[in-house]
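Undergrad: Build out the structure end to end from the sequences listed, making use of the hints.
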Amino acid sequence: MSSPFQKILLLMTFLTITLVVNAQTGKISGKVTDSDNNPVIGASVVLLGTTIGAASDVDGNYEITKIPSGSFTLRASSIGFKPITRDISIENQSLIINLVLETDVMNMEELVVVGFGTNRKRSITSSISSIKAQEIANISVPSFEAALQGRSSGVQVTSDNGLAGAPVTIRVRGTSSLSASSQPLYVIDGVPMIAGDYGASGFGDGTNALALINPADIESIEILKDASAAAIYGSRSANG
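Here our numbering is used: the first residue of the sequence shown is 759, the next is one more, and so on.
You may find that some hints are simply not true.
Quick list of the computed label-pair ranges, beta carbon to beta carbon [to be verified]: (1) A996 - N819: 45 to 55 Å; (2) I946 - G838: 50 to 60 Å; (3) S847 - D947: 17 to 27 Å.
Computed list of lysine-lysine pairs in PhoX-like fashion (alpha-carbon distance at most 25 Å, straight line) [said to hold, decoys possible]: (4) K824 - K789; (5) K824 - K890; (6) K824 - K785.
I should point out that these hints are in silico values taken from the structure, not numbers from a laboratory. As the structure is a prediction and not an experimental result, all values here were calculated from the model. We treat Cβ as the ideally placed atom computed from N, Cα and C, and that holds for glycine.
TA: Here's what the structure looks like:
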């Protein structure tokens, strides 16, 4: 049976080993910013040749702990910025290293929203038209649908009448049915919407629910034309 003295001795030995291990590791912390001193969120900061690293938080701060003594190359990178490296030497100490990333204009490619997420425009083989907010910002139209007129090849935009808030007919793939609707599926921030004429019951004209959307609130519009781009939405996207 172990005596109390042996238990105390064993505990002291364990604490001593723990302190020695902690004393042999270092820490690197700092902030990742851009050339305008704005924080870069989610930047990857790693020690090359190791599995040690961290990501910057919403304020651009990062912290890497439990770094063994030695010489390393610190690398910081983020999408849209040029990666940078710093040669460092650390030995049982805490270092503060602030990193400034420069914008990489060549890598700031246009991103296109598709059904399953976002992708770079040059890597997409599907038929997709992208319209940015700047293109329709200064156009006086009753709804964002009317602003699409003539801005995407193969897309037909017609207004049912001249009244404010009147339904707008959009055909992405032409007339696919003589009886059923040829209206495309609308997806706003990932949520499929029902587009149609509301209030029309044989007496008067209906109202377009999508006309309630302020064109100034739109960041971009992607028109998915072929089946592969809109396949994730199933049969509802038969008309684009």
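Undergrad: Does K890 lie within 25 Å of K824 when you go C-alpha to C-alpha?
TA: Judged against 25 Å, a Cα distance of about 46 Å means the pair is violated.
Undergrad: Going straight from one Cα to the other, do K824 and K785 come out at no more than 25 Å?
TA: holds, 6 Å
Undergrad: Could you tell me whether the CB distance from S847 to D947 stays inside 17 to 27 Å?
TA: violated, 48 Å
Undergrad: When you take the CB atoms of A996 and N819, is the distance between them in 45 to 55 Å?
TA: Check passed, 49 Å falls within 45 to 55 Å.
Undergrad: Straight-line Cα separation of K824 and K789 no greater than 25 Å?
TA: holds, 18 Å
Undergrad: Take a look at whether the Cβ-Cβ distance between I946 and G838 falls inside 50 to 60 Å.
TA: violated, 26 Å
Violated hints for the displayed structure, listed by number in ascending order: 2, 3, 5.
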